Amino acid sequence: MIAILKNDFIRFAREKNRIIMNIAITAGMILIAIFFASRPASASPVAYVAQAGSVAQAPAALAPAGYSVAEMKVAPPLSSLVSGKYEAIVSGTKETGYVVKTLKNAEYERRLFSALAGSPEMSTASEKRGAGSTISGFLLMFMMMQGTMMLYLFADDKELKILPRIASTPLPITRYLAAHGLFAFLAILLPNLAILYAIKFITGSDIGFTLFEYVLLFAVASALSTGFSLFMNALASKGDTANMAGSAIVTLTSVLAGSFYSFERGNPVLETFVKLLPQKAWLESASLMEKGIPLSQSAHHLTYPLALSLFFFTVAFAKTGRDYIGRK
Amino acid sequence: MYEFKQIVRLDFINLITNPMWVFFSTAFPFLMVLILGFLSSSDWGKSVTAYDYYGITMMIYAALNTATISANSFMEERIKGGNLRIIHAPVGPFAIHFSKVIASFAFGTVCHLTTGMALHFAAGVHYGTTGLAGALAIIVLLEFFASALGVLLCCVFRSESAANQILSLVITLLAILGGLFFRVDGLGSSAERLSGFFPVKWVCTALFALVWDNDPSLLAPATAILLVASAAFVAASSMIFHTEDYI
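In the order they appear, the protein sequences are chains U and X. With the numbering used here, letter number 276 in the first sequence gets 276, and the count goes up by one each step, no holes. With the numbering used here, letter number 242 in the second sequence gets 242, and the count goes up by one each step, no holes.
The hints are simulated quantities; they were obtained by calculation from the structure and are not laboratory data. Take the hints with a grain of salt, since some may be wrong.
Straight-line Cα separation of at most 27 angstroms, DSSO-like style, residue types lysine-lysine; simulated pairs [claimed, not checked]:
hint, chain 1, residue 1, chain 2, residue 2
1, U, 238, U, 6
2, U, 319, U, 6
3, U, 275, U, 291
4, U, 16, U, 6
5, U, 16, U, 200
6, U, 161, U, 6
7, U, 16, X, 80
8, U, 101, X, 46
9, U, 94, U, 104
10, X, 80, U, 238
11, X, 80, X, 5
12, U, 161, X, 80
13, U, 104, X, 46
14, U, 200, U, 291
15, U, 101, U, 73
Coverage of chain X stretches by chain U, computed from C-beta distances (three or more under 8 angstroms per stretch; other residues unrestricted) [to be verified]:
hint, stretch
16, 43-50
17, 210-224
Keep in mind that this is a model prediction, so the values were computed, not measured. For every residue, glycine included, the Cβ atom is placed at its ideal position computed from N, Cα and C.
Produce the entire structure from the sequences given, and follow the hints as far as they go.
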């Protein structure tokens, strides 16, 4: 097992291009995560079109209700509403009253009108993320995707027909897979942590969590990622299929779980589904840590992702064993 | 020219007969639009639906993913041997790598336009009226851009798996920053400014302007940038690809 692990490191070290690209992408991702973390998210402004004879007190009415207002002479195009640059366009003259154009739902429109009428309703405070959970949310999806990347040695072994030979040696297949898994786990965890701290050291930015919390969170994410990609690689006969299907699934589920932005508001079907995603539990734990809740009460959310990764490992062991050695 | 056509034809057949690629290029974007559209539909009003938004952004995402298709078309383990054996034939190195760009471009365009049509009828996705031709031109050029990029990375790494894994990370990164999965503009002005540095965002803005405002002012710069970038990728592939490396 140690031999396989050492061999993995040697094979990996040979591919300089891959290592350099990997470090560059990781550093880029972490820089972007820190950038987003250092500037708290705010809602898009409401565009207010000021014409001659328009109802002038709109900015004054909207500002206390928590809307940011961008005043302009000419109404912005419809596509700026589609892309979310503005949440709504408010215009209108004394005769017509306010005219609101928005693509958001009826509830939003009602709130906006009542704010314009001078009786603001406090909108349900959207949860503001701090530096720690923003950075870890970004990196969660990234680490999940790195799993298939770092298990390419296993995929190579399968594709280049090396695995049947290994299966015929006294090395148990579980230990062989465990060695590849351990390699991938370390190759995801260590560079991410090291680069995160290197950037923190150079730029002096606030990264939120303590080292221990990051190690804990990243270790669970790396374990989940490794487990999932071992599972995908064991099921698929080719590395490409595993990589493509795996990154498609990871992208979809991470976006849904709210790696970057929470989707679920008020959709019961979705909420139930999202609760089943391991990334959701992981993010929950990160957001509890952020609120300063002690680890003893926030870390239990991490058991679900860990249990799931153990399940993935078990299936991968069973499937590979059956494929290459046969039923016991 | 006859040889070149034959190579392209075979490359195209290799792609179209692989069920995984066909699924990845048709059903996957289709499902993504339906799922994301359904999930975020409560956020949107009646005039423009979530399906309209994702119908366009996922089309960009799918077009970018053509890069992984072209990387596979070139150096997938199963066909790499055959693809590179023709370096001994009198066809010249350019035909070997450029044929993959053409084949995956054709494959991606056919698959994604079919998907777009299916989305239009199934989910009522609006692809514009007078702006439709311009929007299509941008999507088609984006397919070409992505195909050229995939082949270039294959030439750099000389292995499809490295090229592919890096592509899938980079494409996802660009997709997030370009607002393809959720609206980055809603995350505040600094996020908006950051995503403005990335070309995916420009393509997205150009498409929205064409589809929703019938405003073609961004069409010319978008096509120019995509054409120049694609030409640069093809030229770089020619410079990096040396047949003697693969003997």
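Of the hints given before, which are not true for this structure? none
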